[in-house]
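Listed below, chain by chain, are the residues.
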Amino acid sequence: MNIYWNQQWPAHIQYALFLADNALILAQQHSKWCGKGPILEQDIALSNIALDYLGQARNFYQLAAEELNQLEGVQFYTEDSLAYHRTDRNFVNLLLTELEQPNWGHCVLKTFLYSSFASLVFQKLMHIQAGELTAIAEKSNKELAYHKRWSQDWVIRLGDGTAESNTIMQQALNQIWPYAGECFIPANFETVFWQNHPSFFHELEKEWMDYLQTIFTEATLQLPAKQAWQTGGKQGIHTEQMGYVLAEMQYLQRTYPNSVW
Amino acid sequence: MNYTEQHIWELLTTIADPEIPVLSIVDLGIVRGVTLYPQANEQGFAGEIIITPTYSGCPAMDMIRLHINLAMTENNWPKLLVKQQLSPVWTTDWMTENGKKQLQAYGIAPPQGKAINETYLEDAVVPCPQCNSTHTTLISAFGSTSCKALFKCDSCQEPFDYFKCH
Ligand SMILES: [Zn+2]
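Here the protein sequences line up with chains V and G, keeping their order.
Count the first sequence with this note's numbering and you get residues 178 to 438, in order.
Count the second sequence with this note's numbering and you get residues 6 to 171, in order.
The following block holds chain V by itself, in its conformation from the complex (with noise of 0.2 angstroms):
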């Protein structure tokens, strides 16, 4: 029996799975949108970006795969091999990039909330000294600055556009809303991970929700009445989406097992 999550992994390569899960799903979603863009450019602009991410997942994965290979008595690991051979029990991706994307606002919201979210941890991460980890949460982030620019103006000019397009936006915000503030509830990986900074979900959850409430004031948007949050992504939990998504993504690597290009 081949074991793809284990609780008592050391929490660093837990976090790196779940560093690693974000991206992979994230880029599985935006990259559906491939050739299906409101223009070119904007087309070309949603697969770049969902480029980043699977660039930002391999190497995640890589580093997870390394670090477990170290351990006692594991089976061999690649970032293959993680990503295609894990079932969605395994997978510890918040549920934000999970969600359907069955419009254009819901592409850029996400893009918005995960970039903006990703590029204040990845700060923090450059701030410790967490090796490796460290070293491609600075790569990363270069590249986070551009999406959270460009997903930032996109929900400005949508939010505070026509009617119609602030109607849809709007929408949006109302479904995804939900699923933001699992970002900032910590799981036990995260707890343990951060143990040396204890403030580090407060401030996280401080720092964003006042950036966000900038932007969305800018553009026009409501934020939905106080809620109980959606959770469970990263305890392997997931929505009815995530079966989806993994079927497309793994169909080969379970039709073929192993095979290579």
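Note that these hints are calculated values from the structure, not bench results.
There's no promise every hint is true.
Below, in silico cross-link-like pairs of lysine-lysine (BS3-like), each with a Cα-Cα straight-line distance of 30 angstroms or less [what the hints assert, rightly or not]:
#1 V:K319 <-> G:K105
#2 V:K319 <-> V:K301
#3 V:K319 <-> G:K88
#4 G:K106 <-> G:K119
#5 G:K157 <-> G:K105
#6 V:K319 <-> G:K157
#7 V:K301 <-> V:K403
#8 V:K319 <-> G:K106
#9 G:K88 <-> G:K105
#10 G:K88 <-> G:K106
#11 V:K213 <-> V:K383
#12 V:K213 <-> V:K301
#13 V:K213 <-> G:K106
#14 V:K319 <-> G:K119
#15 V:K301 <-> G:K88
#16 V:K383 <-> V:K319
#17 G:K119 <-> G:K105
#18 G:K157 <-> V:K209
#19 V:K209 <-> V:K319
#20 G:K157 <-> V:K301
Listing some non-contacts, in silico: residues in chain G with all C-beta distances to chain V over 10 angstroms [what the hints assert, rightly or not]:
#21 S61
#22 L71
#23 A129
#24 V130
#25 S149
#26 Q162
#27 H171
Everything numeric in this text was worked out from a predicted model, so none of it was measured.
Cβ atoms here follow ideal geometry from the backbone N, Cα and C, with glycine treated the same way.
Let chain V serve as the given structure and place chain G with the ligand on it in line with the hints.
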């Protein structure tokens, strides 16, 4: 031994970035080091070359690794270990002046100013590589490859790629 680290650096200047064929990997600034071992190691590597990716998802890295060892083989030199290193992070500030000239001549506007200044693309003044006019407009922050943005020239009306500061 009939070659030195200097010879290998010279060889690397003949290897082009697969996506921008006029720019060598040395001019692009992604070669961070060349070291020859006193003797070949157990895996048969005579030394190592350290390269750093431009963007995380850059698909050219695997190709560059292959091209380096093909070039070594053509010279009848032993294979070198090509290592990828993420830190310190690559920046367009490492692109050589020669590289910037090559880009310009090829029709791609080279990065303007220092990456560290973080000027937003909307505010950057990017001269047109065709007519040198500074009346240019950003069309999209994301272009044909990860490293480029798309601009248009308001003087000669031509669209062009801009290698964005990073
Ligand atoms: Zn011109």
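Distance restraint between V:K383 and V:K319, which requires alpha-carbon spacing of 30 angstroms or less: 22 angstroms, holds
Open item on the list: Can you confirm whether the C-alpha distance between G:K119 and G:K105 stays at or below 30 angstroms?
Closed with: 13 angstroms, holds
Check: Within 30 angstroms, alpha carbon to alpha carbon, are G:K157 and V:K301?
Finding: 38 angstroms, violated
request  = Over 10 angstroms to the closest beta carbon of chain V is the bar; see if G:A129 clears it.
outcome  = It holds; G:A129 is separated from chain V by about 13 angstroms at its closest Cβ, greater than 10 angstroms.
Checklist entry - Does the structure keep V:K213 and V:K383 at a Cα separation of 30 angstroms or less? => result 36 angstroms, violated
- prompt: Does G:H171 really sit off the interface, with its C-beta more than 10 angstroms from all C-beta atoms of chain V?
  reply: Non-interface label on G:H171 violated, nearest chain V Cβ at 6 angstroms vs cutoff 10 angstroms.
Agreement of V:K319 and G:K105 with the hint, judged by alpha carbon distance not exceeding 30 angstroms = With Cα atoms ~21 angstroms apart, V:K319 and G:K105 stay inside 30 angstroms; holds.
ask   = Per the stated criterion, does the least C-beta distance between G:S61 and chain V lie above 10 angstroms, as a non-interface residue requires?
value = Per Cβ check, G:S61 is inside 10 angstroms of chain V; nearest 3 angstroms; violated.
V:K319 paired with G:K119 [C-alpha distance capped at 30 angstroms]:
14 angstroms, holds
Notebook entry, point to check: Hey, V:K213 versus V:K301, does the alpha-carbon distance stay inside 30 angstroms?
Noted result: 35 angstroms, violated
Note to self: With the threshold set at 30 angstroms, check whether the alpha-carbon distance from V:K319 to V:K301 stays at or below it.
What the structure shows: 14 angstroms, holds
(request) Quickly compare the C-alpha distance for G:K157 and G:K105 to 30 angstroms and report which way the hint goes. (result) Within the cut-off at roughly 19 angstroms; holds.
The structure fails hints 11, 12, 13, 20, 21, 25, 27 (numbered hints given earlier, in ascending order).
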